[in-house]
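Once you've looked at the hints, dock chain B against the given chain A.
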Amino acid sequence: MELLANIAIGFGTALSATNLTYCFVGVVLGTLIGVLPGLGPVATISMLLPITFGLDPTAALIMLAGIFYGAQYGGSTTAILINLPGESSSVVTALDGHEMAKNGRAGAALAAAALSSFLAGTVATLIIAIFAPVLAELALTFGAAEYFSLMVLGLVASVVLANGSLLKAIGMVLIGLLLGVVGADINSGVERFTFGLFELSSGIDFVIVSMGLFAIAEVVRNLERPEDGAVSVAKVGRLMPTREELRQMAMPATRGTLLGSILGILPGGGAILASFAAYALEKKISRNPSRFGKGAIEGVAAPEAANNAGAQTSFIPMLTLGIPSNPVMALMIGALIIQGIQPGPSVVTEQPALFWGIIVSMWIGNLFLVVLNLPLVGLWVSLLRVPYKLLFPAILFFSVIGVYSISNSNFSVFLLAIFGVVGYVFAKLDAEPAPLLLGFILGPMIEEYLRRALQLSNGNALVFIERPFSAVLLVISAILIATIALPALRQKREEAFQE
Amino acid sequence: MNHAPDGVTSGGSVYPYRWVVIMNEMFRSKDFWSGALMIAIGASFLLLSFGYSFGDASGIGPAAFPAVVASLLILVGCLLVIRAGIAHGGMVEGIHWRPLTLVVASVVAFGILLPLTGLGPATVVLVLLGALAMPGFGLRDALLAAAIVTVFGYIVFVWALKLPIPFIQLSPGF
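Keeping their order, the protein sequence lines are chains A and B. FYI, in the working numbering the residues of the first sequence are 1498 to 1996. FYI, in the working numbering the residues of the second sequence are 381 to 554.
So here's chain A without its partners, still in its complex pose (with noise of 0.2 Å):
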């Protein structure tokens, strides 16, 4: 069968001592920044895109990946420890999670944290490995009008699955996709909204975005509140979870694992949504719901097992179709382009190695984790005690000096103060940066295949309807649209987010 002599070419490029090296750093730095609150995936990212440049692609990516669904595990440890989610996929564990820690089985709950994801991660990267071809195949199919339709669809899948505001996403998305169009139009050359400036006419570098956004607003934010106190942790106490525990977290971790792996590919979906939804969704169907918040085991294994799952499938329509589905995503497709490599349908067939190299050493990639976090828990935890006095000074200039050494213009650097001062702003404002980011990386794309779809038709804008695929794709968005503007249904999504 096809699926075994791909995985072998995986494992041949994973298991390689450059690539297994990369992947061990990553998944150890995934998990210090998912231990670490204040520090987040996209944040980090961001700050080493700039050092990928010198890496291997492939390298480069399994580093990355391995610092993402690393940090889903990272983050669970602190949540049940200290009841301080390290990360955002994180805080429906702590509901539970802390529960079981004050009540002494703290050990259990890791254990299971720890145990469901990796359980998710081996499906995940099964589901990955069996129809990411399948949809690559499907895509290679695609014309400019199903691209610019998908598009579109995803950008209003982020706006739709995001929490908060809609109409400020929506907002944030478009600024997004106009800070995108900042540059010389690569079809008349003509410069756009770039002042004049020189080193505006390649448009803004994304990594200054994403780390005036995100890191750097993030810092300030922090700021603002006085430091707490040192958090008093709970002791970790016996690591394996009973026979009867066990049997019980089997079902909500298979559950949580399928849905991770559907709302992970889902644009705007991923981690974050996953736990969120694995978790009501245990509490629905369970025979005794009142148990849910009270150290139930089921409450820790599916959220953990939906956020890791989640967190590896959203690679599929980034590595088969270019289109990112978070903002992680997004800097992924960046580093690609770093690279040289055009994300897309092609990547399968023209660079297997990469592909499925990346595939197979999420597996590997979770194997360390569980080893990492079970046995040398107490290790993370003694990180906690890192105050954010020495973390934030490091946090800014990791920002500064990677956006410096982008272009060796200070330029970029003055760039993302100002970005750091929009991100505040936003935060300020309750506006999600996500979306942004999101418009930002696929608007020049969707202009191009927007033209280039215009071309093609001889300017029949109805070409997006005429082609089956492509309507298709517009009328689910449409869909999506109409089912939030309905009040009927907007409560019923924020009844969701408020559980």
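No wet-lab data here; the hints were simulated from the structure. We treat Cβ as the ideally placed atom computed from N, Cα and C, and that holds for glycine. Where hints are given, some of them may not hold.
To be verified - Some chain B residues close to chain A (C-beta under 7 Å, calculated; not the full set):
1) Met406
2) Lys410
3) Ser414
4) Ile421
5) Ile440
6) Phe445
7) Val448
8) Leu459
9) Val487
10) Val488
11) Pro495
12) Gly498
13) Gly500
14) Val507
15) Gly510
Unchecked claim - Far from chain A, some chain B residues (derived; all Cβ distances over 12 Å):
16) Trp399
17) Val400
18) Val401
19) Met403
20) Asn404
21) Phe490
22) Ile548
The following block gives chain B in isolation, referenced to the frame of chain A:
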């Protein structure tokens, strides 16, 4: 608040007109300022895009896409402002000026100093200014943090990654 009589005084105190109260709340709501910001950004981009050509349907010009997007943005902004007048969208909490200005200052300072003095001094200034942003940081801790970050930066970026940036420059080079 919703029982404020329309400008009638009562017992010596003056209740503001209802619409004044509404306006007051609106000016502090997140929705209003988000909307206003979006209108401003949209309008700027829209006006600027008129400087480029629009092309025709079969070959859209450089102005087409940004103009459409900017118009949509203005629309969304207006909707948000209207919503701000109707419903409570949550108030904006005040801007904390100290962390904002100091973090920005530290980044800008780094940008200015890097080509002038090299990586080392620029990093020190970055950390020290950044430390000022956090009340209670303390000079000793700040110097320590600056030292740690600078040394770490040297090891990673100058020695390991061999970035083409001078570490210390005694005379400003360009």
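Here is how each hint holds up against the structure:
1. Met406: Violated. Min distance 14 Å.
2. Lys410: It holds, given that the least Cβ distance between Lys410 (chain B) and chain A is near 5 Å, below 7 Å.
3. Ser414: Cβ of Ser414 (chain B) sits 5 Å from chain A, so the hint holds.
4. Ile421: holds, 6 Å
5. Ile440: Holds - the Cβ of Ile440 (chain B) comes within 7 Å of chain A, reaching about 5 Å at its closest.
6. Phe445: holds, 4 Å
7. Val448: violated, 10 Å
8. Leu459: holds, 6 Å
9. Val487: Holds, because the Cβ-Cβ distance from Val487 (chain B) to chain A comes to roughly 4 Å (cut-off 7 Å).
10. Val488: holds, 5 Å
11. Pro495: Since chain A brings a Cβ to about 6 Å from Pro495 (chain B), closer than 7 Å, the hint holds.
12. Gly498: violated, 12 Å
13. Gly500: violated, 12 Å
14. Val507: holds, 4 Å
15. Gly510: Holds, about 5 Å.
16. Trp399: holds, 24 Å
17. Val400: Per Cβ check, Val400 (chain B) is outside 12 Å of chain A; nearest 24 Å; holds.
18. Val401: holds, 22 Å
19. Met403: For Met403 (chain B), whose nearest Cβ neighbour in chain A is about 19 Å away, the distance exceeds 12 Å, so it holds.
20. Asn404: With a cut-off of 12 Å, Asn404 (chain B) remains clear of chain A, as the shortest Cβ separation is near 18 Å.
21. Phe490: violated, 5 Å
22. Ile548: holds, 15 Å
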